[in-house]
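Engineer: The chain contents come next:
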Amino acid sequence: EDQVTQSPEALRLQEGESSSLNCSYTVSGLRGLFWYRQDPGKGPEFLFTLYSAGEEKEKERLKATLTKKESFLHITAPKPEDSATYLCAVQVTGRRALTFGSGTRLQVQP
Amino acid sequence: DVKVTQSSRYLVKRTGEKVFLECVQDMDHENMFWYRQDPGLGLRLIYFSYDVKMKEKGDIPEGYSVSREKKERFSLILESASTNQTSMYLCASSFRGPSDEAFFGQGTRLTVV
Numbered sequence: 001e002d003q004v005t006q007s008p009e010a011l012r013l014q015e016g017e018s019s020s021l022n023c024s025y026t027v028s029g030l031r032g033l034f035w036y037r038q039d040p041g042k043g044p045e046f047l048f049t050l051y052s053a054g055e056e057k058e059k060e061r062l063k064a065t066l067t068k069k070e071s072f073l074h075i076t077a078p079k080p081e082d083s084a085t086y087l088c089a090v091q092v093t094g095r096r097a098l099t100f101g102s103g104t105r106l107q108v109q110p
Numbered sequence: 001d002v003k004v005t006q007s008s009r010y011l012v013k014r015t016g017e018k019v020f021l022e023c024v025q026d027m028d029h030e031n032m033f034w035y036r037q038d039p040g041l042g043l044r045l046i047y048f049s050y051d052v053k054m055k056e057k058g059d060i061p062e063g064y065s066v067s068r069e070k071k072e073r074f075s076l077i078l079e080s081a082s083t084n085q086t087s088m089y090l091c092a093s094s095f096r097g098p099s100d101e102a103f104f105g106q107g108t109r110l111t112v113v
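Protein chains in written order, with this note's numbering: chain P, 1 to 110; chain E, 1 to 113.
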């Protein structure tokens with residue numbers, strides 16, 4: 001069975017305090033790994049897709065990396081507006097839909 | 001910009017009612033999905049459709065059905081609403097291709113009383 005596990009469940013940072021969120025996965029065949037951001041009461045917003053181990057992508061203060069077993073979302077010098085829930089999802093070979101982790105709730109305090 | 005629009009942000013329905021949740025996308029996407037999101041459980045797939053009139057069950061289809069009569073519209077139907085169907089419902093769409101990132105609507109928070 002395909003599994004996606006995110007850690008920690010919740011993370012509180014001070015503004016400017018860099019950290020990383022983890023997404024570990026056990027799947028039969030990875031087609032792609034996705035990161036989304038979700039604000040309270042809203043739908044998830046697409047951030048990144050990673051396809052192969054060693055791949056990295058960046059967007060502003062966010063950087064996503066991928067290995068054969070896990071992905072990290074690195075947040076450099078976060079700001080309060082980065083506060084949100086970050087969701088990781090995988091797409092498995094032969095399956096159109098995504099399998100999601102339960103998310104990491106990030107709070108950045110001024 | 002891709003736009004996925006869900007017909008209602010909030011709904012309150014009574015137990016036993018038939019409930020329709022509507023979703024429309026404007027990007028000519030082949031795939032459309034319905035997920036529900038519950039605290040601690042993440043997003044779970046209810047149904048998806050890869051073409052007009054085509055559908056496949058997801059991980060938790062019991063108590064739900066779907067309809068896709070037009071490419072841009074995907075409806076989720078709760079045949080007889082129950083309190084355990086109280087949840088946030090999210091519609092998504094994507095192209096049929098290797099870069100299958102899904103774009104989500106704003107969600108419908110359904111409360112069944």
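Since the hints were made in silico from the structure, they are not lab data. For every residue, glycine included, the Cβ atom is placed at its ideal position computed from N, Cα and C. Don't take each hint at face value.
So the derived label-pair ranges between C-beta atoms look like this [unchecked claim]: (1) P:GLU60 to E:LYS53: 35 to 45 Å; (2) E:LYS53 to P:THR26: 13 to 23 Å; (3) P:ALA77 to E:SER82: 27 to 37 Å; (4) P:ASN22 to E:LYS13: 33 to 43 Å; (5) P:GLY16 to E:LYS53: 33 to 43 Å; (6) E:MET27 to P:GLU60: 40 to 50 Å; (7) E:GLY63 to P:TYR51: 29 to 39 Å; (8) P:PRO110 to E:THR15: 25 to 35 Å.
Engineer: All hints are to be evaluated individually against the structure, with a verdict given for each.
Structural biologist: Tested hints:
1. Roughly 42 Å separates the CB atoms of P:GLU60 and E:LYS53, a value that falls within the hinted 35 to 45 Å.
2. With their beta carbons about 35 Å apart, E:LYS53 and P:THR26 fall outside the hinted range of 13 to 23 Å.
3. At about 47 Å, the beta-carbon gap between P:ALA77 and E:SER82 misses the expected band of 27 to 37 Å.
4. Restraint check, P:ASN22 to E:LYS13: a C-beta distance of roughly 38 Å satisfies the suggested window 33 to 43 Å.
5. Separation of P:GLY16 from E:LYS53 is about 53 Å and departs from the stated range, judged on CB atoms against 33 to 43 Å.
6. E:MET27 and P:GLU60 have their C-beta atoms about 24 Å apart, which leaves the hinted 40 to 50 Å range violated.
7. For E:GLY63 and P:TYR51, the hinted distance range of 29 to 39 Å is satisfied, since their beta carbons lie about 35 Å from each other.
8. The hinted window of 25 to 35 Å between P:PRO110 and E:THR15 is violated, with their beta carbons roughly 45 Å apart.
Violated hints for the displayed structure, listed by number in ascending order: 2, 3, 5, 6 and 8.
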